[in-house]
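Visitor: Chains as they are written, first to last, in UniProt numbering: chain A, 1 to 371; chain B, 1 to 371.
A portion of the hints provided could be inaccurate.
If several chains are the same, the list does not tell them apart, and a pair holds so long as it fits within one copy or across any two.
Claimed, not checked - Simulated crosslink set (DSBU-like; lysine-lysine; CA at most 30 Å straight-line):
| id | residue 1 | residue 2 |
| --- | --- | --- |
| 1 | K354 | K62 |
| 2 | K310 | K370 |
| 3 | K370 | K165 |
| 4 | K354 | K165 |
Calculated from the structure, these hints are not laboratory results.
Number of protein chains: 2
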Amino acid sequence: MTTARTIRVGLEERAYDILIGRNLLERAGQEIAARMPGARAAIITDANVAALHLATIEESLKAAGIQGTAIRVPAGEQSKSFPVLETVVDAILAARLERRDVVIALGGGVVGDLSGFAAGIVRRGMDFVQVPTTLLAQVDSSVGGKTGINTAHGKNLVGVFHQPKLVLADTGVLDTLPPREFRAGYAETVKYGLIDRPEFFAWLEANWQEVFAGGEAREHAIAEACRAKADVVARDERESGDRALLNLGHTFGHALEAATGYDSSRLVHGEGVAIGMALAHRFSARLNLASPDDYQRVEAHLRAVGLPTKLSDIPGGLPGADRLLEYIAQDKKVSRGALTFILTRGIGQSFIAKDVPASEVLAFLEDSLKQ
Amino acid sequence: MTTARTIRVGLEERAYDILIGRNLLERAGQEIAARMPGARAAIITDANVAALHLATIEESLKAAGIQGTAIRVPAGEQSKSFPVLETVVDAILAARLERRDVVIALGGGVVGDLSGFAAGIVRRGMDFVQVPTTLLAQVDSSVGGKTGINTAHGKNLVGVFHQPKLVLADTGVLDTLPPREFRAGYAETVKYGLIDRPEFFAWLEANWQEVFAGGEAREHAIAEACRAKADVVARDERESGDRALLNLGHTFGHALEAATGYDSSRLVHGEGVAIGMALAHRFSARLNLASPDDYQRVEAHLRAVGLPTKLSDIPGGLPGADRLLEYIAQDKKVSRGALTFILTRGIGQSFIAKDVPASEVLAFLEDSLKQ
Numbered sequence: 001m002t003t004a005r006t007i008r009v010g011l012e013e014r015a016y017d018i019l020i021g022r023n024l025l026e027r028a029g030q031e032i033a034a035r036m037p038g039a040r041a042a043i044i045t046d047a048n049v050a051a052l053h054l055a056t057i058e059e060s061l062k063a064a065g066i067q068g069t070a071i072r073v074p075a076g077e078q079s080k081s082f083p084v085l086e087t088v089v090d091a092i093l094a095a096r097l098e099r100r101d102v103v104i105a106l107g108g109g110v111v112g113d114l115s116g117f118a119a120g121i122v123r124r125g126m127d128f129v130q131v132p133t134t135l136l137a138q139v140d141s142s143v144g145g146k147t148g149i150n151t152a153h154g155k156n157l158v159g160v161f162h163q164p165k166l167v168l169a170d171t172g173v174l175d176t177l178p179p180r181e182f183r184a185g186y187a188e189t190v191k192y193g194l195i196d197r198p199e200f201f202a203w204l205e206a207n208w209q210e211v212f213a214g215g216e217a218r219e220h221a222i223a224e225a226c227r228a229k230a231d232v233v234a235r236d237e238r239e240s241g242d243r244a245l246l247n248l249g250h251t252f253g254h255a256l257e258a259a260t261g262y263d264s265s266r267l268v269h270g271e272g273v274a275i276g277m278a279l280a281h282r283f284s285a286r287l288n289l290a291s292p293d294d295y296q297r298v299e300a301h302l303r304a305v306g307l308p309t310k311l312s313d314i315p316g317g318l319p320g321a322d323r324l325l326e327y328i329a330q331d332k333k334v335s336r337g338a339l340t341f342i343l344t345r346g347i348g349q350s351f352i353a354k355d356v357p358a359s360e361v362l363a364f365l366e367d368s369l370k371q
Numbered sequence: 001m002t003t004a005r006t007i008r009v010g011l012e013e014r015a016y017d018i019l020i021g022r023n024l025l026e027r028a029g030q031e032i033a034a035r036m037p038g039a040r041a042a043i044i045t046d047a048n049v050a051a052l053h054l055a056t057i058e059e060s061l062k063a064a065g066i067q068g069t070a071i072r073v074p075a076g077e078q079s080k081s082f083p084v085l086e087t088v089v090d091a092i093l094a095a096r097l098e099r100r101d102v103v104i105a106l107g108g109g110v111v112g113d114l115s116g117f118a119a120g121i122v123r124r125g126m127d128f129v130q131v132p133t134t135l136l137a138q139v140d141s142s143v144g145g146k147t148g149i150n151t152a153h154g155k156n157l158v159g160v161f162h163q164p165k166l167v168l169a170d171t172g173v174l175d176t177l178p179p180r181e182f183r184a185g186y187a188e189t190v191k192y193g194l195i196d197r198p199e200f201f202a203w204l205e206a207n208w209q210e211v212f213a214g215g216e217a218r219e220h221a222i223a224e225a226c227r228a229k230a231d232v233v234a235r236d237e238r239e240s241g242d243r244a245l246l247n248l249g250h251t252f253g254h255a256l257e258a259a260t261g262y263d264s265s266r267l268v269h270g271e272g273v274a275i276g277m278a279l280a281h282r283f284s285a286r287l288n289l290a291s292p293d294d295y296q297r298v299e300a301h302l303r304a305v306g307l308p309t310k311l312s313d314i315p316g317g318l319p320g321a322d323r324l325l326e327y328i329a330q331d332k333k334v335s336r337g338a339l340t341f342i343l344t345r346g347i348g349q350s351f352i353a354k355d356v357p358a359s360e361v362l363a364f365l366e367d368s369l370k371q
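Using the sequences and the hints, build the whole thing.
Guide: Structure follows, in structure tokens:
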């Protein structure tokens, strides 16, 4: 028997539990059967994750009497596209699943975002369970109901809000995660400290090695991150206000992902966020909002764990500042043409800054490209 | 100056007005500007409707200071598809519209369903205005927030619930509607009488010629239909209960549309619903739920206005009863494998019948194919 930490996302009739602990894959069937009696399942996964974990979850579903159909998509960000979405939707319909049956996302952020979108639109909304297999997905994308795909115009510009009925974050599966992927997810973990939990940031500075090693510290960090995210989501489910704080580091980060053509050999999402958070703190200091000590502390910690913090850390060269600014302006966190950024007054004191002058951003990007 | 009837759809923070009257296209700009100050617009329409009405609405937007981009899709049911959805989404993004800008659907049910789905998924939900130009869309599809596209597995199996911010039903535009299209929309109007408003059905029996001729009776009929739909939607926005009553005639109707390959030269949606309503009343009599007098009265009225009521009214032949049953079983109004139908105890006494035995449906279809 295993124990798991449980975090409740308080969204009234859409409230759900996040379970965090080892060996949750083996318990997936019983946890789902208890919450969704009689449901059949489609398990969306990619080839890499399927090789490691599909058999485990299939056995668990079978043992709980749940009929399951596996649907495989190609691994990688390219699967967050209209053609792959259509393939997944068709496969769910071909399996004759109904509105009260369940779509299970088994994988990282790509599989979760894509599957959640499919679950949100088949029959105008099916039940949905997230089984995130990366640290990034466990601390961020699997919680909160944002789903979507990318288009030529940018990342995550198309999707729906569709909350899962359950999130199973099996911390044991992270043992097989490549170190680079673990670090990328760690960047999103750090984010919660930088938004409004300075004591959590300090705890990570002191304990990051134990988090990377696994065990109790890792579970604590994931639980803290999920709790932080659940709090924000419960306050502002559809991002009309506070939830935008979760975009700390993401406006710069998304622009960098777009500028590198979503080429994961050059930059993965969490690395973009790491650089984006470092830039957001530097930019805040430049605007005299925060002390330079803060950005130095942030950069030092990100560098200590092996994350990039500067534009020059991205291999292969970047376009000019003008073009980067265009990517930022096309990003969805633009309101009525004004540039909106998450800036900070110090560690754990982030805030939503509207009407940031484009000229300031441009000058800052020009300087940043030289560093 | 024109006057319009206003019906409020009571959905709390998602509540909105339906305006019904002549010359509303000319007022579109001012009505939108009053409710969504500062918004820019994308107008989704098809070639047929564009030729008749696009210039009018564009001028109206311009006069109200609203910047508008027209996006044209091919006319016809085939546009409710993933490829056309992707085209529309890309065009909205290319116009750089943001979350608080507005997507305007100018057209019939196809344009409305497609545009509403696009508005529901671009940036996870943009504002949306319906300007329905067919009777069918004015009394049914433009109200209630159901959006979607078709797939090889059936009609409307993919979509979202996304309520408009405003519906402008210009009854004058119906003057240019082909008679067959007007009759098809009339079938959905009759539906509200058959569901739970027997006095409205009796009024239509007495006044249908005036409704077809235009003027006051037409506006009254459209307003009654919208009020009936608004009441149901306000009670059950996401179709977890009562809203299924709106599917009266649709389970048979959708199966017939699928069986004729969505070929509008053979059968349009409203005609499928007319036959479906006649069949639902006949089937109810066969199951001894209602008197044969009722189905005879329903069929007599539908025939009087020129609508089909029998399977043999569909040109070009149909597949066998087995295959029709398969189409019914794949329809989305299936719950856990049991067949759900809207049946009736008489005019205006429809109810949701769950667990209808497939064998009864099959035998009924076999007999109906002989008539």
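Visitor: Against the structure shown, which of the earlier numbered hints fail to hold, in ascending order?
Guide: 3
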